[in-house]
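Start from the sequences, fold in the hints, and give me the full structure.
Protein sequences appear in the order of chains A and B.
In this text, residue positions in the first sequence follow the numbering used here: the first is 134, and each later residue adds one.
In this text, residue positions in the second sequence follow the numbering used here: the first is 5, and each later residue adds one.
Any given hint could be a false lead.
[Claimed, not checked] Keeping only pairs whose Cα atoms sit at most 27 Å apart, straight-line, the calculated DSSO-like set for lysine-lysine is: (1) A:K190 - B:K118; (2) A:K190 - B:K151; (3) B:K225 - B:K118.
[Unchecked claim] Below, a sample of chain B positions facing chain A; criterion: calculated Cβ distance under 10 Å: (4) I17; (5) N71; (6) V82; (7) L158; (8) A167; (9) F185; (10) E195; (11) F198; (12) Y222.
For the record, the hints were derived by calculation from the structure and aren't laboratory data.
Built from N, CA and C at the ideal position, the CB exists for glycine as well.
As a plain string of letters, each chain reads:
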Amino acid sequence: MTFNSRLALTEFAGLFRPLYLTSEVREDDWGGQLPISRQNLVYEIESLIDGIYATMKRPEVVLVLEPDLELEFQAWESASDEALTNFEKQLD
Amino acid sequence: MKPQSRYIIHIGINFVMSPSPNITPQSSLAFQQAILSNGLEFVSVTTLENQIVLSRESPTPLQITVNGLNPQVGQFLVAASQPKRSLDLFAQEAEAAVKAFLDTWPVQNRQMLKSDATIRELHETTSEHAFQELWENLLKQPSSMLKSFERPILGGGLRFVMAPLPDEQDPAQIEVKIESFLGDTSKIFVETQFNWIQPTAPGMPFNVRERLSQVNAYIEKQVESFILGGSK
Numbered sequence: 134m135t136f137n138s139r140l141a142l143t144e145f146a147g148l149f150r151p152l153y154l155t156s157e158v159r160e161d162d163w164g165g166q167l168p169i170s171r172q173n174l175v176y177e178i179e180s181l182i183d184g185i186y187a188t189m190k191r192p193e194v195v196l197v198l199e200p201d202l203e204l205e206f207q208a209w210e211s212a213s214d215e216a217l218t219n220f221e222k223q224l225d
Numbered sequence: 005m006k007p008q009s010r011y012i013i014h015i016g017i018n019f020v021m022s023p024s025p026n027i028t029p030q031s032s033l034a035f036q037q038a039i040l041s042n043g044l045e046f047v048s049v050t051t052l053e054n055q056i057v058l059s060r061e062s063p064t065p066l067q068i069t070v071n072g073l074n075p076q077v078g079q080f081l082v083a084a085s086q087p088k089r090s091l092d093l094f095a096q097e098a099e100a101a102v103k104a105f106l107d108t109w110p111v112q113n114r115q116m117l118k119s120d121a122t123i124r125e126l127h128e129t130t131s132e133h134a135f136q137e138l139w140e141n142l143l144k145q146p147s148s149m150l151k152s153f154e155r156p157i158l159g160g161g162l163r164f165v166m167a168p169l170p171d172e173q174d175p176a177q178i179e180v181k182i183e184s185f186l187g188d189t190s191k192i193f194v195e196t197q198f199n200w201i202q203p204t205a206p207g208m209p210f211n212v213r214e215r216l217s218q219v220n221a222y223i224e225k226q227v228e229s230f231i232l233g234g235s236k
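So this is what it looks like as C-alpha cells:
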C-alpha cells in the first residue's frame, strides 16, 4: 500500500465503506482517473493553450519504492550494521 | 464534444445478496464448469478462502468475481476493462455468468440487498483542450478566472451526485464524473455509476440487462444532453 496525503480521509471514509467490491473496481488500471497522489506518473507540459490549458506529453511512469518495502530494506540495513558492530566487538 | 465519438473503456455490474454463496474448492470447480457450459471462456482462476475470481484478457477482457463476505452476505461482480465489444455483448456475457452462478449455488429465496453498475467512456472534444471545452463552452466561464491558480491547468472536471426520485420504483443514486482525460487532453472522460439501494423481494432475478440498459439510457439522454449544453 502506498501512503499519501489522502490517507486520513481514506481511513475515515473506510468507516462507511462497504466490505465488498463495487462495479468501478480497479480504477487504477481500468481506465479510471486516480488522484495524482496515487499515480506514479510525471506529467510534462507539451504546449500551453491561451497561456492556461496545458497539453501533456505522454506521462512517464516513475518507479517509486513501496514504503513498506523501503522499511524492509532499512531494517535489513540496520540489522547488517548491528551484526557488523557485534562482530567487531567480538574481535575486541 | 463529438457525441458520435463515444468509446467505452469500462463496464461493470455488481450484486450484493443474501444468503452468501458457499465457497469451497468443490463449488469453485463446479462454478468453473458452469461458466464453460454457459459458453464463457476464462484463462485464470483464483480461489481464496471466500472468493473466486475468473478472468481473461483476450480476445475480450472479462472478470467474474464471487465473494462470500460473511455467512449471510455475498456478492457477484462482472466487469470488463477496455471491453472491445458492445454493451449488448457484455450484457449477454454477464447474463451467462449469472446463469452459471445460479446453476452452482441454487437458492430459492435469494434476496438482492443492493446493486451497482458503472460505465466509463471517452469522447472527442471540439476544442483544443478538453477542460477548455468544459470550462468555457459548457460552463461559460472566462479562462481568465483560472489565472487565480497561477499554474497551467493540466485538467479538471465536474462531479455530480444525485438522489433517487421520490416516486422511483427501484430507487437509484447516481454519480456522474465529467472530466478532461489526463492521459489525453483532447478527450473528455465520463464515468456514470448507478447505485440501487433498495433490497428486492426474495426470489427476484438478477436483472443484468435491465440495469445496464438503464445506465446506458441515462448516459445517452441526460448525461450527453448536459455535456452538449442541453442541445440534445
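Against the structure, the hints:
Among the hinted pairs, K190 (chain A) with K118 (chain B) is inconsistent with the structure: their alpha-carbon atoms are about 42 Å apart, more than 27 Å. Taken as a hint, the K190 (chain A) and K151 (chain B) pair is honoured in the structure, with Cα atoms around 22 Å apart against an allowance of 27 Å. With a C-alpha separation of about 25 Å, the suggested pair K225 (chain B) and K118 (chain B) falls inside the 27 Å cut-off, and the hint holds. The restraint placing I17 (chain B) at the interface with chain A holds, with a minimum CB-CB distance near 5 Å, inside the 10 Å limit.
Restraint check, N71 (chain B) versus chain A: the minimum CB separation of about 6 Å is within 10 Å; hint holds. Checking V82 (chain B) against chain A by beta carbon gives a least distance of about 9 Å; that is within 10 Å, so the hint holds. With a cut of 10 Å, the hint placing L158 (chain B) at the interface with chain A holds, because the nearest CB-to-CB distance is about 5 Å. At its closest, the beta carbon of A167 (chain B) sits 17 Å from a beta carbon of chain A; the interface hint therefore is violated under the 10 Å criterion.
At its closest, the beta carbon of F185 (chain B) sits 7 Å from a beta carbon of chain A; the interface hint therefore holds under the 10 Å criterion. With its C-beta approaching chain A no nearer than about 7 Å, E195 (chain B) sits inside the 10 Å limit, and its interface hint holds. Interface restraint check: F198 (chain B) against chain A, minimum CB-CB distance 9 Å, threshold 10 Å, status holds. Nearest Cβ of chain A to the Cβ of Y222 (chain B): about 15 Å, over the 10 Å cut. The hint is violated.
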